[in-house]
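Visitor: Listed here are the chains, written in short residue letters.
Number of protein chains: 4
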Amino acid sequence: MQNYLDLLVKNGKEIASKGKVAGYIPALKKMNSNYVGISVIDSNKNIFCSGNTNIDFTIQSISKTVSLLIALEDRGFDYVFSKVGMEPTGDAFNSLKKLETVQPTKPFNPMINAGAIAVTSMIKGDSSDEKFERLLNLFRRIIGDDSIGYNKNVYLSEKETGNRNRSMAYFMKDAGVIDTEVEESLDVYFKQCSIEMNCLQLAKLAYFFSNNGTNYEGQKIVSDKNCEIVKTFMITCGMYNESGEYAIEVGVPSKSGVGGGIIASSSKNFSIATFGPALNSKGNSIAGIKMLKMFSEKNNLSIFR
Amino acid sequence: MQNYLDLLVKNGKEIASKGKVAGYIPALKKMNSNYVGISVIDSNKNIFCSGNTNIDFTIQSISKTVSLLIALEDRGFDYVFSKVGMEPTGDAFNSLKKLETVQPTKPFNPMINAGAIAVTSMIKGDSSDEKFERLLNLFRRIIGDDSIGYNKNVYLSEKETGNRNRSMAYFMKDAGVIDTEVEESLDVYFKQCSIEMNCLQLAKLAYFFSNNGTNYEGQKIVSDKNCEIVKTFMITCGMYNESGEYAIEVGVPSKSGVGGGIIASSSKNFSIATFGPALNSKGNSIAGIKMLKMFSEKNNLSIFR
Amino acid sequence: MQNYLDLLVKNGKEIASKGKVAGYIPALKKMNSNYVGISVIDSNKNIFCSGNTNIDFTIQSISKTVSLLIALEDRGFDYVFSKVGMEPTGDAFNSLKKLETVQPTKPFNPMINAGAIAVTSMIKGDSSDEKFERLLNLFRRIIGDDSIGYNKNVYLSEKETGNRNRSMAYFMKDAGVIDTEVEESLDVYFKQCSIEMNCLQLAKLAYFFSNNGTNYEGQKIVSDKNCEIVKTFMITCGMYNESGEYAIEVGVPSKSGVGGGIIASSSKNFSIATFGPALNSKGNSIAGIKMLKMFSEKNNLSIFR
Amino acid sequence: MQNYLDLLVKNGKEIASKGKVAGYIPALKKMNSNYVGISVIDSNKNIFCSGNTNIDFTIQSISKTVSLLIALEDRGFDYVFSKVGMEPTGDAFNSLKKLETVQPTKPFNPMINAGAIAVTSMIKGDSSDEKFERLLNLFRRIIGDDSIGYNKNVYLSEKETGNRNRSMAYFMKDAGVIDTEVEESLDVYFKQCSIEMNCLQLAKLAYFFSNNGTNYEGQKIVSDKNCEIVKTFMITCGMYNESGEYAIEVGVPSKSGVGGGIIASSSKNFSIATFGPALNSKGNSIAGIKMLKMFSEKNNLSIFR
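The listed protein sequences correspond, in order, to chains A, B, C and D.
Take any residue in the first sequence, count from 1 to its spot, add 835: that is its number in my numbering.
Take any residue in the second sequence, count from 1 to its spot, add 835: that is its number in my numbering.
Take any residue in the third sequence, count from 1 to its spot, add 835: that is its number in my numbering.
Take any residue in the fourth sequence, count from 1 to its spot, add 835: that is its number in my numbering.
Where hints are given, some of them may not hold.
Same chains, same names: a pair is fine if it fits in one copy or spans any two.
What the hints assert, rightly or not - Cross-link-like lysine-lysine pairs, in silico, DSSO-like; alpha carbons within 30 angstroms at most:
{"hint": "1", "residue 1": "Lys853", "residue 2": "Lys1117"}
{"hint": "2", "residue 1": "Lys932", "residue 2": "Lys994"}
{"hint": "3", "residue 1": "Lys845", "residue 2": "Lys1060"}
{"hint": "4", "residue 1": "Lys1117", "residue 2": "Lys855"}
{"hint": "5", "residue 1": "Lys1060", "residue 2": "Lys848"}
{"hint": "6", "residue 1": "Lys853", "residue 2": "Lys1060"}
{"hint": "7", "residue 1": "Lys845", "residue 2": "Lys932"}
{"hint": "8", "residue 1": "Lys855", "residue 2": "Lys959"}
{"hint": "9", "residue 1": "Lys994", "residue 2": "Lys855"}
{"hint": "10", "residue 1": "Lys932", "residue 2": "Lys1117"}
{"hint": "11", "residue 1": "Lys855", "residue 2": "Lys845"}
These are computed hints drawn from the structure, not numbers from a lab.
Kindly generate the complete structure, drawing on both the sequences and the hints.
Guide: Below is the structure:
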């Protein structure tokens, strides 16, 4: 296994030069585009790492999986999906045209930004601080590491420059999708995107979904049902508007973030996290996709097989 | 003339019951849907009024004509139209999808909300108060009445509930169309929409455009060129997405507002304002359009004749 | 099992009255809206039927699964997906706006009409008759029944009234997506949609996909890889723009047709076909979805579990 | 005047090199991109020509003005506008997305291709030949020249390659906008686009609209009202999606064609035709627009003045 992962990282490093680090905020832009790492946990809980797996990076959109979980636990299936849809969109993750063109206004799914912001607005708590703390605590329990936190520089940059997300949020506020105070909900959202961990820690998140809500230490944290819902979205909408192609080529429930991380939760034998900040044109880690494709093919991981 | 205007008002009252007062804020909703008025200034400066012409109402989108004028005077043609386009859209006045779907982002024209907000952000001034004061003063000079002010209730309601406009503004901020502080620009915009006058005063605004920048009292206030630009937009985009039909049926440069007002500035003989808060499905005063159609046909006012 | 299927049919019949038989051509419209049937083949090849499983109906969009298979076999993965994408769209199955709005023109996936027409145009053959014959023969081998044919009335009606599909085809011809003669490709497409079978026969098609290209009689007909591709599309795009919700609620690769059929190919234990011509607003059999949801939940069939 | 026109042509020639001849069919592509001409008829019927005014070219979209006239005369205002709208679109002339996205399906105006095809389908006649003959005869009477005909090469090329127009036509057939046989209506449409004349002859068409339906020889051919309608569309939609900018910069009812012609019908003193096959990115003659802008400014022709 170790040798194979080393080979994957070598392949990932080669392709990384064709990608581009996310440049919309300085804090992301300065990340080394050459970093590539992969961490794998097998069904016997053995952990394998290769490449840059101890570098901290922000998880960005990967956080949408856990915010959906907490919203489902807090509000229940019916409430969450009365406000947010279940359909892939075919549009970019930061698109908002369908909020206007498809009536009634309902973000198409919880994995695009609009849907994720709406989901985050549903987290229970008396203040944005409390809401975020509840979410962060869930991350800490899932990963089994109380040191998990968020990157303040990234958060502040996101908050300052996040006007596209702000635009969506006000649109949804106007349409009654969001009923909380907009800036407070955005505050939680920008913080959750700035949660930071390394590739190995991220593999624990993948493990948690692979095992339907039981973490690496064996604690059952959320219901099977809610994990199954999240994994379904990971297939249909987890890789932005490259989800369909990724389902064909990898076929494992996965979620990417523009920070360069990807989690892949095979229900069979492997929980995988990859890291590689150089992104392709759809916003997915170019090395990550390469490695996951190779790993899935070799191990027959596609759930469509 | 007086008899004919009385006849028009009678016709307007009959059709008003088929329209609906703008209901998005309480302050507008409580307006009497049965009000109908028309004020006409002829080429000899004679003024004729019929119906409810002394009721104050907010001018709403009609303010976009004067904010465009001041932006053109402040910034010049090239700057203004580097940020805002000149094309009709075919979409509703509060649509923002084209901000996303047509690249680079540029609101299509200064008469839709997105374009008008961008235009307002260009008004010179050290603060939103100073910007608005400069705009309000221009209104007072044009109409020749220093008592013109804005309706605070309406303004506060617009500010509180204007999240669709806020959404557009943040989108344009993100895209670099607006480079001022968003909430400050919106503040000026919400105030300008809340400027209040009666139908007779509004006819003075129509007169000013009919006479290419010279007001009823004979003062030349802005350049012919800038008035001509505004009048062109009044034909191509002045009546929301009913502009094309209105150009066919009335054919006079006009601008409507959801407060129920319309100005019509024939370059020939007549300057007209109508009032009628009951709106049709496109957001235009149903009685106003009826009266203007009859008046234009009788007097051969279409500029396309 | 038999009792359980009878219960499902009872549930299906109850909900069928809330749906509506496809009405765009007379031949479909006259189908009895009360028909409901289900056929199940288990992993031991036992066959269970309940309800109206011996009524012939046209398979419509279900044919897209087999036409994609033959195009993949004829042209290879790279060629097919150079012309047709892999992404869900979020739009209706007969939408063509993305052909214009997303450049370069490429139908988003092979399960929407535009993509399916493009796929059908790739089937090899010297004439439209030969192309269709090759496709029909594949159906016959898969189902193991040489009597499978198509309904001429339905075909002629589709051909006569299929101007929306014709519109898409000419758009794609113009954009270079289709390089065959348009009317000939449409002819094959209209015929494939008119292929007729009953629910039990349809279950054999589901079996074939469940078993990665081996039919009920044990013949290996196409490659595992190509079946896997089709099953992936069945999850991401198989149920029109209800695919995402269906993936959450049923979670089994499935394909529906407006004739009222659905195939569901669990890779675990069951191959299922349902029939119920009363459709919901998305164009899927309302009774079929109800029965499949119940069956999947009871038997834990979701591939995301 | 002659000297001034010579100066305009000099300016036109200079800018022509920045444009591009329409290249979608060979017959258009081989036109000399350096041709520039202008013909002006003043209010005393004096005719002035400068540059390449005796070269025949196809009038393309300029034909939409006359086909609208004949449809209005044949069917009346109410019928025509029950099928085709009156609003500018903001989209390209060959766009069809709004046919799908705005319900009920109704091409937005008679100057975009979709609307023009629908209008042409309304021309009375027992066959496509008779329909076209009636249209051609109207052209001959308007221009006062029985030798006016169409270019068969261009017509055949348009017919062969016109799949985008075919796509629109079938969409509209499906939606009930067109109720004639599609290929027959397209046949008339492709022929009308291929009607050929030179710049001087085209100026006679401009004269006819300037004079509300009376031709250069003094014959009253159609009603004032219908000419007024056409001229209104010439302002709001006559220059493709550059109409708004052109209204600001030239301000004269005008219609362009991708063959390089433009007619401009000032109701004041001048009827103008320009020719210059090099087009800008919106599909309008780059030299033509330059010359018309200069001419309008010098002579104060804007109807918004």
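Visitor: Using 30 angstroms as the alpha carbon limit, work out where Lys1060 and Lys848 are close: within a copy, between copies, both or neither.
Guide: between (37 angstroms within a copy, 28 angstroms between copies)
Visitor: With identical chains, the pair Lys853 and Lys1060 could be close in the same copy or across copies; at 30 angstroms between alpha carbons, which is it: within, between, both, or neither?
Guide: So Lys853 and Lys1060 pass the 30 angstroms test across copies only (28 angstroms; inside, 39 angstroms).
Visitor: Taking 30 angstroms as the upper bound on the Cα-Cα distance, should Lys853 and Lys1117 be classified as within, between, both, or neither?
Guide: within (13 angstroms within a copy, 35 angstroms between copies)
Visitor: Between Lys1117 and Lys855, at a C-alpha cutoff of 30 angstroms, which is it: within one copy, between copies, both, or neither?
Guide: within (11 angstroms within a copy, 33 angstroms between copies)
Visitor: Using 30 angstroms as the alpha-carbon threshold, which applies to Lys994 and Lys855: within, between, both, or neither?
Guide: within (22 angstroms within a copy, 41 angstroms between copies)
Visitor: 30 angstroms Cα cut-off: does Lys855 pair with Lys959 within a copy, between copies, both or neither?
Guide: neither (37 angstroms within a copy, 39 angstroms between copies)
Visitor: One pair to classify: Lys932 and Lys1117, alpha carbons no more than 30 angstroms apart. Within, between, both, or neither?
Guide: both (18 angstroms within a copy, 21 angstroms between copies)
Visitor: Is it within, between, both, or neither for Lys855 and Lys845, if the alpha carbons may be no more than 30 angstroms apart?
Guide: within (18 angstroms within a copy, 48 angstroms between copies)
Visitor: Is the C-alpha distance from Lys845 to Lys932 at most 30 angstroms within one copy, between copies, in both cases, or in neither?
Guide: Neither. Shortest intra-copy (40 angstroms) and inter-copy (42 angstroms) distances fail the 30 angstroms Cα cut-off.
Visitor: If the cut is 30 angstroms between Cα atoms, do Lys932 and Lys994 qualify within a copy, between copies, both or neither?
Guide: Both. Shortest intra-copy (22 angstroms) and inter-copy (23 angstroms) distances satisfy the 30 angstroms Cα cut-off.
Visitor: At 30 angstroms max between alpha carbons, let me know whether Lys845 reaches Lys1060 within a copy, between copies, both or neither.
Guide: Between copies, since 27 angstroms is at most 30 angstroms while 38 angstroms is not.
Taken one by one, the earlier hints fail for this structure at numbers 7 and 8, listed in ascending order.
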